[in-house]
Each structure stands twice: as structure tokens, then as C-alpha cells.
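Fit chain B to the supplied structure of chain A, relying on the hints for placement.
2 protein chains.
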Amino acid sequence: MVNLDFSKSADGLIPAIAQDWQTGEILMQAFINAAAWEKTLATGVATYWSRSRQAFWIKGETSGHVQRIKEILVDCDLDSVIFKVEQVGGAACHDGYKSCYFRRVEAGGLRIVGERVFDPATVYAQAK
Amino acid sequence: MVNLDFSKSADGLIPAIAQDWQTGEILMQAFINAAAWEKTLATGVATYWSRSRQAFWIKGETSGHVQRIKEILVDCDLDSVIFKVEQVGGAACHDGYKSCYFRRVEAGGLRIVGERVFDPATVYAQAK
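Just so you know, the protein sequences line up as chains A and B, in that order. Going by the working numbering, the letters in the first sequence line up with residues 1 to 128, in that order. Going by the working numbering, the letters in the second sequence line up with residues 1001 to 1128, in that order.
So that you can see chain A by itself, here it is in the shape it has in the complex (with noise of 0.2 angstroms):
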């Protein structure tokens, strides 16, 4: 298996971030641990670890909307990942953009730029 290096941060977690593995569009970046790193291997399925929740987060796994990996790349220091990822659902974000990155930085503040997927109101209502 690969090692990486999870010593640089006080929380032993390093970035992941997850890239459309068709577009190259940046769809999300969360926390990955060693434990959450061998899963993502191991399954083939991208597995953060959630600050939050201090738990394994398989994203996607209520919605069935999981990423599967479909090729990862990691930096010259080891303490920094790319999983190029195939979005299913079509979107990563919890607020139904398909990439987290869905405002722009302009002058007067932040302009949203990104694709609406689904209305969240919606979804998680039916979800419930």
C-alpha cells in the first residue's frame, strides 16, 4: 500500500480532493486519516474522515450518490491527495450544486457560478 504522510497536521488528516475525472472540474475537498485512506483503497469508493463527527464518511453512502474512484494521484510530499472521482447523482454538494466550489470571489462580494443539480429542500424532505 501506499504511505502517506499524515504527521504534518496535529489532527494526523490530510486534504483529498475530489476532481471530475471526465471534466477536471473540482467537485469537493474534505479530510482523509490513514484509516480513511486504506478504506478508500480497500473499497474503491471515496472515504473521508468527518471532523465534525470524528467518523468515517463514506460520501454518498444514504443518497447512494458515492464517488467511486477512478484513478488518484498524490503530491511530491505525500500529504496531499487527488481522487479523480465519478460523481453519482451528478452532484457533490449537500446544497445540490455539483461542485462545492459553486460562488466566485468579485468585488462585491460572492456571485454564484455553479450548476444547481437538485433543489436540497426537495431531496432531503423526501429523504425523511
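What you were told as hints is all true, and nothing was included just to trick you.
Under the rule of at most 27 angstroms between Cα atoms (straight-line distance), these lysine-lysine pairs were calculated in the DSS-like manner:
no. : chain 1 : residue 1 : chain 2 : residue 2
1   : A       : 70        : B       : 1098
2   : A       : 84        : A       : 70
3   : A       : 84        : B       : 1008
Partial selection, computed: residues in chain B whose CB lies under 8 angstroms from chain A:
no. : residue
4   : 1025
5   : 1073
6   : 1075
7   : 1082
8   : 1093
9   : 1101
10  : 1105
What the hints contain is simulated information worked out from the structure, not anything from laboratory work. The C-beta atom is built at its ideal place from N, Cα and C for all residues, glycine as well.
Then chain B, alone, in the frame of chain A:
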């Protein structure tokens, strides 16, 4: 100014991802604190916070190979940003590759898949 959320990590840092503004290739990922964020916005040149030096890190400051900001995207939680940049000199990685993510995870380990733009042995020797 757009305020980001630097409160989620003990060190007050959030990831900043540098992406080639034309090709969409992810070049590198580093960290910013509030001061580096302000400096980036004010100067239009990617400025990170070096964890090892505990100081501002203007990428390419000594070599002239800076990253000119073309666009900035922020994520849904305001705790991760994308710098869409023009990488002056063509290489973001100190190892001479266009991108720091020049290795792919394969069954047997890591395989170099990136494009080398310069030979670091030559370049850094000349710089001394």
C-alpha cells in the same frame, strides 16, 4: 472582503487549491490563514502560509514563477478555496513537474505520470 471560516482547524489554516485556469489541471495545494487570504486578494498573486517556516509563502517569489490569480472560488462551508491561476514558468512543483501531483497510485505503488518542465538539479544549482 469575503470572510472565510478559519475556525475549524486548531492552527487556523484552510486548504487552498491552485488549479490551472486554462486546462483545469490541479497544480498544488497549500494552506492559507486569514492574513495570507487578505494578501492574496490585495496583491493578485497566490500567497500561502508556510507551516514549516511559519511565515507567508508567496509562491515563486524568488524564482519569479509566481501564480497570477485569475479567479477564486469558495466552497459551501467557506473553509476551502480554489485559486485559478496562471502559473508563470509553467511548473508549480519544486521537483520540476508542472503539477505536484505527478504520481499515480497503481497496484505496485507509485508511477510517475506527470510532465517534467525543468530539471531541479540544474535550476536550483544556478540559483545559488
